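Here are the chains, one letter per residue:
Protein chains: 2
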Amino acid sequence: MNDARFIAADWGSSQLRLYLCDGSRVLDECSGPGIATARGGDHAGILTAAIAPWRQAHGTLPLRMAGMVGSRNGWIEVPYLECPADAAALRASLQRFHAQGLDVAIVPGLACTNPQGAPDVMRGEETQVFGALALQPALAEGRRVLALPGTHCKWVHLQDGRIQRFQTSFSGELFELLRRHSQLVVAAHDKPHDQAYDAEAFGFGLRRAQAAASLGHVLFEARSRQLREAMPAAAATDFLSGLVIGSDVRGALGLLGWQADGLEIGLVGAPTLCVRYAQALARQGYATASLDGAQCALAGLRTLTID
Amino acid sequence: MNDARFIAADWGSSQLRLYLCDGSRVLDECSGPGIATARGGDHAGILTAAIAPWRQAHGTLPLRMAGMVGSRNGWIEVPYLECPADAAALRASLQRFHAQGLDVAIVPGLACTNPQGAPDVMRGEETQVFGALALQPALAEGRRVLALPGTHCKWVHLQDGRIQRFQTSFSGELFELLRRHSQLVVAAHDKPHDQAYDAEAFGFGLRRAQAAASLGHVLFEARSRQLREAMPAAAATDFLSGLVIGSDVRGALGLLGWQADGLEIGLVGAPTLCVRYAQALARQGYATASLDGAQCALAGLRTLTID
Chain F
5 MNDARFIAAD
15 WGSSQLRLYL
25 CDGSRVLDEC
35 SGPGIATARG
45 GDHAGILTAA
55 IAPWRQAHGT
65 LPLRMAGMVG
75 SRNGWIEVPY
85 LECPADAAAL
95 RASLQRFHAQ
105 GLDVAIVPGL
115 ACTNPQGAPD
125 VMRGEETQVF
135 GALALQPALA
145 EGRRVLALPG
155 THCKWVHLQD
165 GRIQRFQTSF
175 SGELFELLRR
185 HSQLVVAAHD
195 KPHDQAYDAE
205 AFGFGLRRAQ
215 AAASLGHVLF
225 EARSRQLREA
235 MPAAAATDFL
245 SGLVIGSDVR
255 GALGLLGWQA
265 DGLEIGLVGA
275 PTLCVRYAQA
285 LARQGYATAS
295 LDGAQCALAG
305 LRTLTID
Chain B
5 MNDARFIAAD
15 WGSSQLRLYL
25 CDGSRVLDEC
35 SGPGIATARG
45 GDHAGILTAA
55 IAPWRQAHGT
65 LPLRMAGMVG
75 SRNGWIEVPY
85 LECPADAAAL
95 RASLQRFHAQ
105 GLDVAIVPGL
115 ACTNPQGAPD
125 VMRGEETQVF
135 GALALQPALA
145 EGRRVLALPG
155 THCKWVHLQD
165 GRIQRFQTSF
175 SGELFELLRR
185 HSQLVVAAHD
195 KPHDQAYDAE
205 AFGFGLRRAQ
215 AAASLGHVLF
225 EARSRQLREA
235 MPAAAATDFL
245 SGLVIGSDVR
255 GALGLLGWQA
265 DGLEIGLVGA
275 PTLCVRYAQA
285 LARQGYATAS
295 LDGAQCALAG
305 LRTLTID
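Heads up: the protein sequence lines correspond to chains F and B, in order. Count the first sequence with this note's numbering and you get residues 5 to 311, in order. Count the second sequence with this note's numbering and you get residues 5 to 311, in order.
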């Protein structure tokens, strides 16, 4: 069974999370400094120190990574792979190297060119996508659409298990900027996007996003409705979330030219955030099925680098 | 000539600016703490201290104010006046009072109800609008559209000198949030919206905003074009400005159902910001004429509270 053991790393800008995995089971986990802190420093040393107890107990284990760690400001820049791309193409393009006795593989990000020559990129989400396909093999059949809500939501087109193209929307980061730094919602700073929400206020935001000409012209309603209609501040935050996610869903559907022809859309992300997207998509007539993003990330590393 | 003398106040959240005016001339100016600092404190005392030298030289002068000072978190809340509203209606609704020997008048803000019952509000811009009409009497004839770019851009419909309705767009604050706090443009934090700009990169942003389905799905290009097309960071900031202003102009034109029938759009704001809006509107076939927002504010206080 030792062959199935590996260490998975999620090295985000503010935190390093490491998982000791045995197949699909997580045996242990630990953390370290984010990639922004580590920039220009001794990445291998940080990793070696963090996993020292695991090495003592289990010997040398493969270290498998995806995401920011392979970006320009990460550890080692791993070139993007162009779409269309399937799991085999990613497996063939892993960046493999040894450093301070570590056996490392980093999954490359993906790039694609959208209509009118617009470039798009992802790093990390490709691993979640192929993890989702490993967990739900039916997703690898025919035409599929996955949405991966998060800081930047990725709308992914799959054909027979191959990522054809994808479109990034800025909704997660935008909502955080508006919630934390804007004049729209002053009193509700303590309620992040992925927590429990007021489905009615959120649904009202969805309806307004649908009716409005553009997001920029409807955002101020989160403020004016507090001033003129005594909308409570907490509800205004969920109303704002509805505006942003409603605009995301509406724009993505428009971009991709979909029709509500019984297509089920796969959601991969934090469960509490997927619930919001499911509500927004249901309003447009789409069924959804959600998978946990963190589980998909581990499954993706396993299927792309171990199995 | 003493009748024409007054003190105009622009009490923003971070700073109080006071102007000693004689008709249309500014004789002197000074500053004090912002309304956010003053909240719950001694507003009259702050003003009295700031203008003490002017009182010694000129005696008691009328103090005339508009904007945030009349908001819920300002000095005294002045109820919004409903649109349609003209200068006479604002003059009749001034909030007049005396405090610590100060002879104060505050111009009320305006409220309106846009399609689908969406409420909108402004405080301060109404004074700039009627200042613009005082400076350019032709604007009071027939159907006119003014745009007041700033933190929140107000698109104002005028009919024979009366504000019929208006629509707020969030573009100024949105751009500042993206420029200062987002992952889109990391290296160009020092270039605010109202400074000199790269008209070519900005124009590229305008074209992308026009082509894209929605703002949220095109914003990430400010990052992906740096990664994939070596777009310089400074150009990316102006590209981003083009995306935001292009989306604002496109959305406003869509909302208002305008046609490019030779309508000249008046721009009232910081000159360097008006230049960007003029470029964006010219792309849509609209001629523009710009007025300095600060001058319009003083002219507005004069025409609404003194003349």
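Hints listed in this document are in silico derivations from the structure and should not be mistaken for laboratory results. Some hints here could point you the wrong way.
If you want a taste of the chain B side facing chain F, the calculated C-beta under 10 Å gives, among others [claimed, not checked]:
| hint | residue |
| --- | --- |
| 1 | Ser-17 |
| 2 | Arg-21 |
| 3 | Leu-31 |
| 4 | Cys-34 |
| 5 | Arg-59 |
| 6 | Leu-85 |
| 7 | His-156 |
| 8 | His-185 |
| 9 | Ala-215 |
| 10 | Leu-223 |
| 11 | Asp-252 |
| 12 | Gly-255 |
Predicted model only: the values in this text are computed from it and were never measured. Cβ coordinates follow ideal geometry from the N, Cα and C atoms, glycine included.
Numbers of unmet hints, in rising order: 2, 3, 4, 5, 6
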